[in-house]
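Construct the complete structure from the given sequences, taking the supplied hints into account.
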Amino acid sequence: MNIEQARFNMVEQQIRPWEVLDQKVLDLLFKIRREDYVPPVYRSLAFVDMEIPIGHNEVMWAPKIEARVLQALHVGSHERVLEVGTGSGYFTALLASQAGVVVTVELHADLKEQAEQKFRAHGLTNIQTRLGDAARDWAEDGAFDVIVLTGSSPLLPAAYLQRLNPGGRLFAPLGEGPIMSASLVHLTAAGTHRTDRLFETRVQPLRHALEPERFSF
Numbered sequence: 000m001n002i003e004q005a006r007f008n009m010v011e012q013q014i015r016p017w018e019v020l021d022q023k024v025l026d027l028l029f030k031i032r033r034e035d036y037v038p039p040v041y042r043s044l045a046f047v048d049m050e051i052p053i054g055h056n057e058v059m060w061a062p063k064i065e066a067r068v069l070q071a072l073h074v075g076s077h078e079r080v081l082e083v084g085t086g087s088g089y090f091t092a093l094l095a096s097q098a099g100v101v102v103t104v105e106l107h108a109d110l111k112e113q114a115e116q117k118f119r120a121h122g123l124t125n126i127q128t129r130l131g132d133a134a135r136d137w138a139e140d141g142a143f144d145v146i147v148l149t150g151s152s153p154l155l156p157a158a159y160l161q162r163l164n165p166g167g168r169l170f171a172p173l174g175e176g177p178i179m180s181a182s183l184v185h186l187t188a189a190g191t192h193r194t195d196r197l198f199e200t201r202v203q204p205l206r207h208a209l210e211p212e213r214f215s216f
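In terms of numbering that gives the first Met the number 0, the sequence shown has 37 at position 38, counting the first letter as 1, and numbering is strictly consecutive.
Just so you know, the hints here were simulated from the structure itself, not pulled from any lab data. Just so you know, these numbers come straight off a predicted model, no measurement behind them. Errors might be hidden in some of the hints.
[Unchecked claim] Have a look at the derived ranges for each label pair, beta carbon to beta carbon:
#, residue 1, residue 2, range
1, Gln127, Ser180, 28 to 38 Å
2, Val40, Glu139, 17 to 27 Å
3, Asn8, Gly190, 24 to 34 Å
4, Val40, Gly99, 11 to 21 Å
5, Gln161, Asn125, 40 to 50 Å
6, Arg42, Ala188, 43 to 53 Å
7, Ala158, Asn1, 42 to 52 Å
8, Asn1, Leu154, 18 to 28 Å
9, His77, Gly176, 36 to 46 Å
10, Asp140, Glu3, 34 to 44 Å
11, Ile2, Thr187, 19 to 29 Å
12, Leu130, Gly75, 26 to 36 Å
13, Asn1, Pro177, 32 to 42 Å
14, Ala188, Phe29, 13 to 23 Å
We put the beta carbon where it would ideally sit given N, CA and C, even for glycine.
Okay, structure coming up:
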């Protein structure tokens, strides 16, 4: 496989047509080598429009979703980012290439360790990894300018809105299958928030995500 041609085709045939036109984002897709974060058995699928299994019933997002979310977040070089669900570490690396600091929380120790090895190999020094369950809240590291939930949740955990700095953004796939809403929440300086629904999707749920009350009769 010609890696660079496959990467170019991914950008031109999957990502640009999905309304990802921010040149800084497109440049990152050439700089951060996605194939290095894909499990070796799936390396040949690194640029295919599909989710890739990474173990524990977890997956990497499809490339176009990664790019679209990164574009929507508009992460600044001074900003602190919280990522809930490190996974393969690829989206973490994309965030870290734009942010000041990224704190990323992973539930599974082996995925955390594998991601840390990749971060070291690629010289990414502004990533702080944590082991824990952040599906509903993560209070240990203070407030953030950007929060990303990489798994879906039926409800938006209200605690995370309290972790956002004024002007902050929170991305979360919200709802229950078969269709979920990729949602971007903006917190204003006045403390109010608005939600933009970016696209419809279906994403693996966060383990222990906040569930709505169920009534039985």
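Inset, instruction - Hint by hint, work out which the structure violates, then give me just those numbers in ascending order. - result: 2, 3, 4, 5, 8, 11, 14
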